[in-house]
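Taken in sequence, the protein lines are chains B and D. Heads up: the first sequence begins at 1 in the numbering used here, then just goes up one per residue. Heads up: the second sequence begins at 1 in the numbering used here, then just goes up one per residue.
It should be emphasised that the hints constitute simulated quantities derived from the structure, not laboratory data. Heads up, a few of these hints could be off.
[Said to hold, decoys possible] Output of the computed footprint for chain B on chain D, the stretches with three or more beta carbons under 8 angstroms from beta carbons of chain B:
| hint | stretch |
| --- | --- |
| 1 | 3–13 |
| 2 | 16–24 |
| 3 | 49–58 |
| 4 | 108–116 |
| 5 | 302–310 |
Every residue gets a Cβ at the ideal spot worked out from N, C-alpha and C, and that includes glycine.
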Amino acid sequence: MATTQTFGGGIHPHEIGNGKASTCASQIVNAAAPARVTIVMAQHAGAPAKCCVSVGQTVNMGQVIGEAQGYISAPIHSSVSGKVVALTTCTVTNGRTVPAVVIENDYEDRWDESVKPCADVDALTPAEIVGIAQKAGIVGLGGAAFPTFVKLDTTKLDPKPDTLVVNGAECEPYLTSDDRVMIECAQKVIDGVSIAMKATGVDKAIIGIENNKPDAISALRDAATAGIEVVSLPVMYPQGGEKMLIYALTGRKVPNGALPSAVRCVVLNVSTCAALSDAVREGKPLIERVVTFAGRVANPCNIRVRIGTSLMDLLEQVGGLTEGVRKLVIGGPMMGASVPSVNLPITKNFSGFLAFGEEALSPEESPCIRCGRCIRTCPMGLMPAKIDAMVRHDDYDGAIALGAMNCMECGACTYACPAKRELTQSCRVAKAIARSKK
Amino acid sequence: MSKYVVSSSPHLRDNVSTRSIMQDVCIAMLPACAAGILFFGYRAAVILALSVAAAVLSEWFYCKATHQKVTVGDFSAVVTGMLLAMNVPSTVPYWMPIIGSVIAILLVKMIFGGIGQNFMNPALAARAILALSWAQAMNSFATPAFGNIAGADVIASATPISGAANGGFTLLQLFLGNVPGTIGETCKLALLVGAAYLVWRKVISWHIPVAFMGSFAVCYLIATGFNVNETAYQLLSGGLILGACFMATDYATSPATDAGKLLFGLGCGLLLFIFRFVKNTPAEWCSFAILLMNVVSPLIERVTPSKSFGEVKKNA
Chain B
1 MATTQTFGGG IHPHEIGNGK ASTCASQIVN AAAPARVTIV MAQHAGAPAK
51 CCVSVGQTVN MGQVIGEAQG YISAPIHSSV SGKVVALTTC TVTNGRTVPA
101 VVIENDYEDR WDESVKPCAD VDALTPAEIV GIAQKAGIVG LGGAAFPTFV
151 KLDTTKLDPK PDTLVVNGAE CEPYLTSDDR VMIECAQKVI DGVSIAMKAT
201 GVDKAIIGIE NNKPDAISAL RDAATAGIEV VSLPVMYPQG GEKMLIYALT
251 GRKVPNGALP SAVRCVVLNV STCAALSDAV REGKPLIERV VTFAGRVANP
301 CNIRVRIGTS LMDLLEQVGG LTEGVRKLVI GGPMMGASVP SVNLPITKNF
351 SGFLAFGEEA LSPEESPCIR CGRCIRTCPM GLMPAKIDAM VRHDDYDGAI
401 ALGAMNCMEC GACTYACPAK RELTQSCRVA KAIARSKK
Chain D
1 MSKYVVSSSP HLRDNVSTRS IMQDVCIAML PACAAGILFF GYRAAVILAL
51 SVAAAVLSEW FYCKATHQKV TVGDFSAVVT GMLLAMNVPS TVPYWMPIIG
101 SVIAILLVKM IFGGIGQNFM NPALAARAIL ALSWAQAMNS FATPAFGNIA
151 GADVIASATP ISGAANGGFT LLQLFLGNVP GTIGETCKLA LLVGAAYLVW
201 RKVISWHIPV AFMGSFAVCY LIATGFNVNE TAYQLLSGGL ILGACFMATD
251 YATSPATDAG KLLFGLGCGL LLFIFRFVKN TPAEWCSFAI LLMNVVSPLI
301 ERVTPSKSFG EVKKNA
């Protein structure tokens, strides 16, 4: 049965200018092959990969250039064929400087010999699928970039999961890359879902999509196979939050501090499922992704780009920025990071590029008027204004006692605050300090 | 330096601001103020203007004197000034609302830290001080005369409450406001229209007004052996509706969670019932019921925290 319930709280963020409507109807276009790519070694949650190529070496498309280190990690592959011209460092979205490999493209698109289609997908065992996902460097494409194979490997879980929850909510304003992938690659998404079901040993998958994406809903319903249900969800930010989505689709609440496995669920993003299908059927590692360009850009669009392409080059391809840009955001406007320049390479978790003007600058804070809007909007049922007050008095233990660790940093409280207080940031501070004390 | 601003997410903000909320409250009080002027004449308008001006000026003065950012632009002082004027009779001398507003802003609001920090509703606390200091003036009501802008004869007439035992007014009179009373409390129609506007604009929630009026009505029904007429008469008398919709819902002095709001409203209703029925005082005690609950509000908030999403029973 399709459940139509949703979580308590939440907001309806407004879009200014080129929002979802500017890109949701146009087809994904392929970016021009880049002359050179800068591929960073840390573009997933967990330990960075270790570079395994040297300057001057010729690499093939899909060849491993960074090896996974430790369990929660992912290998990095070359997205072009060509020659390694530099081993360098690169500043990424979160401001950290990480090792990177620069490869000059020879435009031959010569696939590595390791990349070959699977003869009989149906014969693969769950363990083999997990292995393929691991080798292909697949990570969550929604933004967190958590290595997918870790989620697919359910051998150590007790109790075993019984439901695969697939996130097609795309509740962030402006972003439409998942929407377009669902519309244009419906078969591939469904195939990836089936493969993930097999890997995790579940016989039921529910794909949740906000009802402002009717084309995606009908495309996936047409493509859906046995055991896969497509559910239309009310539009409410943050509907795509993992815990919110599980609750909306299964009625189960993930306990504080626990993972979805605690309520026998595995959660994957729709684009991740499509990448999983490519990896299993075609043998292709994750070397490209779809990125939304919206906001104050000349030609808002969805563009399929190779990992490592320079954002500056891509911006030229979409016509550059328009007038009055004051803020650059990687990801969605609610949870994305603002960056000081477009001098960045595309990484696996790069879901969108948004340019904003004055409207996105932080307004001046004024005193809390205790209106309670933050409490009403918090999807986690926290009291952000109280946590904020604790943090501003350096009472971090007090903030933690109020449940600050359960904050998922969705930004709904800060959005709703009439006094324009940086409530989410206070929760981040409390979490960071609590972690550093451990 | 980059010309692009880097700051923490979210990068979008709602259009609602402290100022827009306070302006909404002002808009919501306009019908009741207009009704007050129509019933009690020009004096009501002058008192409203003086009260608002005194509130805004004293906040401006305080901010200047203490070298703080001037906060009068948030319109909260305007709200306080309007509320105070709505809580005094149209017959008071003109200096009285000025004194009241200065007390409300300086003594009750600003010295405790300004907006959001006061522990009592500023307008109500000031009204209480005025009522205790100049009881005679604060209890002299004019006979309403609809449309008589020149103002009505001053009489120390019986208010609906003091005359509750014998009735004296029809329910329709009470509802439309054609009864003696303070400037803003008499026209229940205008107050309810304003309250509906605030609920629609999501400035206030239904919890406090409904719990307040509901618990009061239930107590009264039971106490009078289900005398619906008398209960309705009580509901529509005095400052109950003004208090329940515009005073008890003050953000700073009421609990923030829904459960807390219900408890708070319930307490207000019970206290007012005790004051009116059990004690049977002639004066209006609605403001004291709310002020008492204002003081209890932090305690209520302590026992009604919000329930976190992932708070589930262990071993369930």
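Hint check results:
With 11 residues having a beta carbon nearer than 8 angstroms to a beta carbon of chain B, the stretch 3–13 of chain D meets the requirement of three or more and the stated coverage holds. Counting residues of the stretch 16–24 of chain D whose CB falls under 8 angstroms from any CB of chain B gives 5; the rule of at least 3 is met. Against chain B, the stretch 49–58 of chain D contributes 0 residues with a C-beta closer than 8 angstroms to a partner C-beta. That does not satisfy the three-residue criterion, and the hint is violated. Coverage of the stretch 108–116 of chain D by chain B holds. Counting CB-CB distances below 8 angstroms, 4 residues qualify, and the rule asks for three or more.
For a cut-off of 8 angstroms, the count of residues in the stretch 302–310 of chain D with a CB near a CB of chain B stands at 6, and the three-residue condition holds.
In terms of the numbered hints stated before, the structure departs from hint 3 and from no other.
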